[in-house]
Amino acid sequence: MIEVVRTSAIVGLVLAGLFFTFVSTTGVLRLPDIYSRAHTASQADTLGAGFTLAGVALALGWSTTTVKTVLLLFFIFLTNPTAAHAIARAAHEEGVEPWTTDDDRSDEQLHEAALSRPVPDGGPATGDGAESAEDTDAGSPVESQEGDRS
Amino acid sequence: MIPGLSGDLVTQVFLLVATLLMVLAVAVFYRAVKGPTTQDRVLAVNVLGTNTVVVLALLAEGLGEPSLLDIALVYALLNFLMAVAISKFTVERGGVL
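Quick mapping for you: the protein sequence lines, in order, are chains B and S. 1 is the number of the first residue of the first sequence in the working numbering; add one for each residue after it. 1001 is the number of the first residue of the second sequence in the working numbering; add one for each residue after it.
Source of the hints: derived by calculation from the structure; they are not laboratory data. Every residue gets a Cβ at the ideal spot worked out from N, C-alpha and C, and that includes glycine. Careful, some of the hints might be misleading.
Unchecked claim - Footprint (simulated), chain B over chain S, 3 or more residues, beta carbon under 8 Å:
id : segment
1  : 1015–1025
2  : 1028–1037
3  : 1051–1058
4  : 1069–1080
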């Protein structure tokens, strides 16, 4: 009886992990810009990996390998959102604009707009002063491109 | 004889899920190739690495080789280091990193 419960719990956890990994893959492929992709990679993928590793830990039973699996689960829960945050922040520092619903540009055009923007300073951005300077001149390439299209 | 094909239900489910996760990893590889920004590629490789860690853990139980869990641990550490290092490098080019 208890074995049936354990087996069904393992299978359920692993299938839930497969489902969330599928959601994360769909999001990374289909969402419109880097920020929403970082969002789905940090949440759905962490949850999928967590469910699957929990299923593996339950299947291994009480042993030293289970300790390794739980350690792996804990580590992925800590580092995966951190890495996604670092990637999204790097995109922001490079000047990639977020996609909005009234914006019909593709992600390639947003990337080209970020590349064609004048870099205010060659050095690394430091603190809030550089960020606010970025925000003030962020609107100009958008308006010029929309003027060309109409 | 493929190990696990004659095994119990849990082993079969683990090997099947590992196969499907590999298919999803191949799908994510499209984003790593297409980009368009560097951060898109880094993010896709990061998701690929997480998928690889999960597949390694599933195979450790499914194939009965616990040493694969050690490889998965090292892979997770290197995956995180790769994502943070490339993010730092793309922001401050010419810096230390």
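Hints versus structure:
1. 1015–1025: holds (count 4)
2. 1028–1037: The restraint on the segment 1028–1037 of chain S holds, since 6 of its residues have a Cβ under 8 Å from chain B and three suffice.
3. 1051–1058: Coverage by chain B holds here, the residue count being 5 at a Cβ distance below 8 Å.
4. 1069–1080: holds (count 8)
Checked against the numbered hints above, the structure violates none of them.
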